[in-house]
Amino acid sequence: MEPDQDRELVTRAKAGDFEAFESLVGRHERRLYALSMSILRHREDAENVVQTTFLSVLEHLKEFREESSFATWVSRIATHAALNVLRKRKGLETVPITETQDEDGEIPHPEHVADWRGDPARVFEQQELRRVLDEAIDALPEKHRLVFILRDVEGFNVEETASLLGISEANVKVRLLRARLALREKLTRVFGDAAHAITHEHDGEAARSTPAKEVLRSYQSRETR
Amino acid sequence: MKCEDMLRMLNDYVDGDVDISVCKEFEKHLTGCDPCKVVVDTIRKTITLYKGSEVYEVPAEFHTRLYETLRRKWDETKKAD
Chain Z
1 MEPDQDRELV TRAKAGDFEA FESLVGRHER RLYALSMSIL RHREDAENVV QTTFLSVLEH
61 LKEFREESSF ATWVSRIATH AALNVLRKRK GLETVPITET QDEDGEIPHP EHVADWRGDP
121 ARVFEQQELR RVLDEAIDAL PEKHRLVFIL RDVEGFNVEE TASLLGISEA NVKVRLLRAR
181 LALREKLTRV FGDAAHAITH EHDGEAARST PAKEVLRSYQ SRETR
Chain P
1 MKCEDMLRML NDYVDGDVDI SVCKEFEKHL TGCDPCKVVV DTIRKTITLY KGSEVYEVPA
61 EFHTRLYETL RRKWDETKKA D
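Listed in order, the protein sequences are those of chains Z and P.
Per this note's numbering, the first sequence starts with residue 1, numbered consecutively.
Per this note's numbering, the second sequence starts with residue 1, numbered consecutively.
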């Protein structure tokens, strides 16, 4: 996404050029739809969020002071809208976004440690890959999934993520670590090279074991092919 | 540095948010600890995979409806100006 092109289109749209506005929509609708789908996991809700977002952009474009990029601005609007939908659903669901009670426990230790068999994006069919990724992320508690999406997929920083979710920065960090570890664990069970799994012995024990060194060597040799 | 310390600082290391001395200690640990090395490596791959996986296609029918709605709203706004 070229911010300079966005800037030019924003200037033209502010001056009343609908084609420029349409171009902005075209450049960002797919990304915002993906963001909304990631948060809401529901097609119609995601469509509503995208539409609400662009209607809001249309209404407030003249007030957009361009202190952030257009991409960041619309992402924030869409994220707010999607989170509002989630909050409205709360009557039906159980976990409030701001819940903090279980963030103090121990960080789960990685259990399944094995390097992956090549690059999953190449090894797996696109649809199969999507299914695996969806299943893994759907299994996360909502509060962990949201932090992972906002931080790692959308690229919001810790401060922005904390502000969007209404939680502390410390909680963003803990939830992100839990989300990353849980996803890694699940994906390793699918993509991991079982023949060279490393036993769960840290602090130097496994480093001396031959299989562990073999897995790394074999992976490195595959990578350089 | 022990594996537990590594685990606690994993995010900061993966995100490049540690200062050089800590980073060096971290890398020294990774050199001697294959499990941690693999964990760091597969965490990075996990993030990359999700970052590159936003493949949801905007439904064509919604795309058309969205543009019509925006055109209508744009015209209304211009008339009101």
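You may find that some hints are simply not true.
[Claimed, not checked] Just so you have them, the derived chain P footprint on chain Z, three or more residues with Cβ under 8 Å:
1. 17 to 31
2. 34 to 43
3. 49 to 57
4. 61 to 67
5. 106 to 115
6. 172 to 182
[Claimed, not checked] Now the stretches of chain P that chain Z is said to cover, found in silico as 3 or more residues with beta-carbon under 8 Å:
7. 6 to 16
8. 20 to 27
9. 57 to 63
These are calculated hints, taken from the structure and not from any lab test.
For glycine and all other residues, C-beta sits at the position ideal for the given N, C-alpha and C.
Hints, verified against the model:
Residue count for the stretch 17 to 31 of chain Z with a Cβ under 8 Å from a Cβ of chain P: 7. That meets the three needed, and the coverage hint holds. Coverage of a stretch by a chain is defined here by at least three residues with a beta carbon nearer than 8 Å to that chain's beta carbons; for the stretch 34 to 43 of chain Z and chain P the count is 5, and the condition holds. With a cut-off of 8 Å between beta carbons, the stretch 49 to 57 of chain Z has 4 residues touching chain P; three or more are needed, and the interface restraint holds. For the stretch 61 to 67 of chain Z, the proposed coverage by chain P is not satisfied: 0 residues have a C-beta within less than 8 Å of a C-beta in that chain, short of the threshold of three.
With 6 residues having a Cβ less than 8 Å from any Cβ of chain P, the stretch 106 to 115 of chain Z passes the three-residue criterion, so the hint holds. Residues of the stretch 172 to 182 of chain Z lying with their CB closer than 8 Å to a CB of chain P number 5, which satisfies the three-residue condition for coverage. Given a C-beta distance limit of less than 8 Å, the hint that chain Z covers the stretch 6 to 16 of chain P holds, as 5 residues qualify and 3 suffice. Evaluation of the coverage hint for the stretch 20 to 27 of chain P: breached, as 0 residues show C-beta separations to chain Z shorter than 8 Å, against a requirement of three.
Given a C-beta distance limit of less than 8 Å, the hint that chain Z covers the stretch 57 to 63 of chain P holds, as 5 residues qualify and 3 suffice.
The structure does not agree with the numbered hints 4 and 8 stated previously, though it agrees with the rest.
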